[in-house]
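Following the hints, complete the assembly by docking chain B onto the known chain A.
So the sequences go chain by chain: A and B. Per our numbering, the first sequence starts with residue 11, numbered consecutively. Per our numbering, the second sequence starts with residue 11, numbered consecutively.
Mixed in with the good hints, there may be bad ones.
Copies of the same chain are indistinguishable here, so a pair counts whether it falls within one copy or spans any two.
Straight-line distance between alpha carbons at most 20 angstroms, and here's what the computed SDA-like set of lysine to any residue pairs gives [stated by the list, open to error]:
id, residue 1, residue 2
1, Lys289, Asp149
2, Lys290, Thr153
3, Lys290, Gly392
4, Lys252, Ala93
5, Lys69, Ala55
6, Lys312, Asp75
7, Lys289, Gln116
8, Lys289, Thr153
9, Lys69, Leu56
10, Lys381, Gly80
Hints are computed from structural coordinates only; laboratory data are not their basis. Keep in mind that this is a model prediction, so the values were computed, not measured.
Residues per chain, in single letters:
2 protein chains.
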Amino acid sequence: MELNAYSKEELLALEQDLAQRYADYQQAGLKLDITRGKPGAEQLALSDALDGILGGDYKADNGTDVRNYGGIDGIPEAKAFGAAMLGVKQEEILVGGNSSLTLMYQYVELCYLRGAKGAGSAWKDEGAAKFLCPVPGYDRHFTVCEDLGIEMITVPMTATGPDMDTVEALVKADPMIKGMWCVPKYSNPSGEVYSDDTVDRIAALGQIAGQHFRVMWDNAYTVHDLDEQPPVLSGLMDACRKHGTEDNVFITGSTSKITFAGGGVSFAGTSEDNLKHLKKWFSAMTIGPNKVNQLRHMRFLKDMDGLRAHMRKHAEIIAPKFDVVQQRLAALTGKGMGSWTNPRGGYFASFDALPGLAKEIVKLAADAGVKLTPAGATFPYGKDPEDKNIRIAPTFPGYDEVDQAMQVFVTCVELASVRQRISAL
Amino acid sequence: MELNAYSKEELLALEQDLAQRYADYQQAGLKLDITRGKPGAEQLALSDALDGILGGDYKADNGTDVRNYGGIDGIPEAKAFGAAMLGVKQEEILVGGNSSLTLMYQYVELCYLRGAKGAGSAWKDEGAAKFLCPVPGYDRHFTVCEDLGIEMITVPMTATGPDMDTVEALVKADPMIKGMWCVPKYSNPSGEVYSDDTVDRIAALGQIAGQHFRVMWDNAYTVHDLDEQPPVLSGLMDACRKHGTEDNVFITGSTSKITFAGGGVSFAGTSEDNLKHLKKWFSAMTIGPNKVNQLRHMRFLKDMDGLRAHMRKHAEIIAPKFDVVQQRLAALTGKGMGSWTNPRGGYFASFDALPGLAKEIVKLAADAGVKLTPAGATFPYGKDPEDKNIRIAPTFPGYDEVDQAMQVFVTCVELASVRQRISAL
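The shape of chain A in the complex, shown without the other chains:
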């Protein structure tokens, strides 16, 4: 029954039931955590063979001794792998250390403070740079902007990606909008896959934006499918070639959620000219990334077929956890207490509570021993204007923990919703 259909007396009775159920959870002394998008131990163990895989052979395909210094942009086989994974040419790839977030941070910093194209091209020389942020989105993207002092402007997400009419209007109107964050496949946290039309329109933004506009295309979940027949994200760089906007995109990915979250390999894909400027800066900062770890990964994952086979094993482990999230949320169906997404990949589900209740629900859950991502984290500056979005991250805990945490969560949603309704009557 819809929340709105209850009488006050019914609501009060319902509140009592829910409060009792909630109190029972509180007494159970739970300690559950569905906070962060981290792989679980069983997933990590899928890649334990990374250790020992080199068998004394430290030579890359081109004869490079990966143990020694050198090679600012990675070994050739890792470049080929990254190019295939991100949908760019091998000449458009840089292979980095263990963190694609670092590559993103450094590239935004390069563009802002130093200039993507060298002296005279820095955003800061034109004024105060701004970024578009589809919301809900990824808190660490927002932190990059906040840390560098880049103003963030939110844009609503739709089922096909960011609302492109709004994006285009904003970008056309203000040349100081210098970039946009995107998680194009299984968007963090809401799980949308950008449609072909959205990808094409994003690729064309460079034609209407101010100079040195950059789409930060964080393709973190490009192969992180739960289903055997997953949705296909169309290639951003292919579209850019059509529009002549290869300079306007910076594509990233990593093996963090493929092999070891903290010990993987990161990739950046962008135009050769963009890479030239980035590598010039990197050359002042390092003698090169850890090539041993790159070779280790290439020996283990081999190629796209090897990668896909490996990702099937991840799906087998985490799909049941995603499924139980949906099964438990189903208890809210038809109750008018919120809506949620059912992503078929990535690391999150997203729940929109009734406006004004996200913080309250997160607090209720915490007080019953279930840690959730802080309400607001999916918005720039931590401020969800409607206080409704909650990110659910089911991969790290075990199946039973996710199940139990979601039961508590659903109770908290119901309790908060009923109480809100009562006080509104």
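Chain B only, in chain A's frame:
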């Protein structure tokens, strides 16, 4: 016999002999390279057991699963190791990725652009920052300053370290001198070990320098001894505690020339408060360094005893190469054609030719198939004012190559010196 003691006729005859010997080398089609301070393959192989050493146990001492995300400053056992290696407390250590150069770059950038102590403490807010650079020195330190736009002021090296009277006078006179580069043990390239008095005076600089002055103490060769009874560098941080200047130093080191040059672990040691500000910035940029590689290294090196035993194996491989450098240079003894150092550790020897001849000697050697570090590289902006210093890096090539390269080098020194003398007569 001294060059100055020859008559013109004798010099002309000598020149003919040397030119003939040089022409023979040219005809031999040599291809030798004593350019960079890279370990040789035999050294790298000492650490091949790093691969496979984890044996399925990915838990750090404190129970952390090193495969997963997290830990901005490293695992506890790596911190303890780094603290012992750099002579600081465990709370004063940050363990990074594979490059201590990156830590140095980032720290100088932090101090210059953002402020070592947060908002309001950036060097740039006070004006144009300057750095003291003992010369000859390390080209990649100079590149950091050049890249960030920090002016470099040279200070002469002495047998006991930088000329401290000059350093103190400069630092006292100009509060915009915000830092100094130091390679305190087996200085790159000349091999000096800073004396106890020098270390103490450097630790005291914070008392007379402008605010937020930082000594960049690149202790790259702290355990890289050739002899069984090596010189002992006194502890900078110990001296800083005496002077209350813990904030004024940033100490770095790595396992790059201990295990794998491109795949090691880096360490930074500085005051806890400095670290707090650095970690805050890093938190916007990364979810943490590669902890798997840190654990790998700790299982392999274990502790300071393990480290020292490992370094003895390096010494056995490279000491003969350093010795043959000295044996070949000995042919120049008493000839008045230059002077050289005989370091008992580190990665380099340094040769001072007669003024005005370094470029010529490097060119002669190149034309005979022997690549040397470009003349000038050991000075800021690549400009050796006397054009005399040449860095010799004997570790990467095999023993015979070093031997042959040094014979060619000596001939080039003689030929250039004799020709200069002739044209001066």
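Status of each hint after checking the structure:
In this assembly of identical chains, Lys289 and Asp149 lie within 20 angstroms of each other by CA distance solely across copies; the values are 18 angstroms between and 27 angstroms within a copy. With identical chains, the CA atoms of Lys290 and Thr153 are at most 20 angstroms apart between copies only, with a shortest distance of 11 angstroms across copies and 25 angstroms within one. With identical chains, the CA atoms of Lys290 and Gly392 are at most 20 angstroms apart between copies only, with a shortest distance of 18 angstroms across copies and 35 angstroms within one. Within a single copy, Lys252 and Ala93 get their C-alpha atoms as close as 18 angstroms, which meets the 20 angstroms cut-off; across copies the closest is 54 angstroms, which misses it.
Taking CA atoms no more than 20 angstroms apart as the test, Lys69 paired with Ala55 passes between copies only; the shortest distance there is 12 angstroms, against 26 angstroms inside one copy. In this assembly of identical chains, the alpha carbons of Lys312 and Asp75 lie at most 20 angstroms apart only when taken from the same copy (19 angstroms versus 25 angstroms across copies). Taking the shortest alpha-carbon separations for Lys289 and Gln116, both the intra-copy value of 11 angstroms and the inter-copy value of 16 angstroms come in at or below 20 angstroms. Proximity of Lys289 to Thr153 under the C-alpha cut-off of 20 angstroms is restricted to the inter-copy arrangement: shortest distance 14 angstroms between copies versus 24 angstroms within a copy.
Within a single copy, Lys69 and Leu56 get their C-alpha atoms only as close as 25 angstroms, which misses the 20 angstroms cut-off; across copies the closest is 16 angstroms, which meets it. Taking the closest pair of Cα atoms, Lys381 and Gly80 come within 20 angstroms of each other only across two copies (17 angstroms); inside a single copy the shortest separation is 44 angstroms, beyond that limit.
In summary, this structure violates none of the numbered hints.
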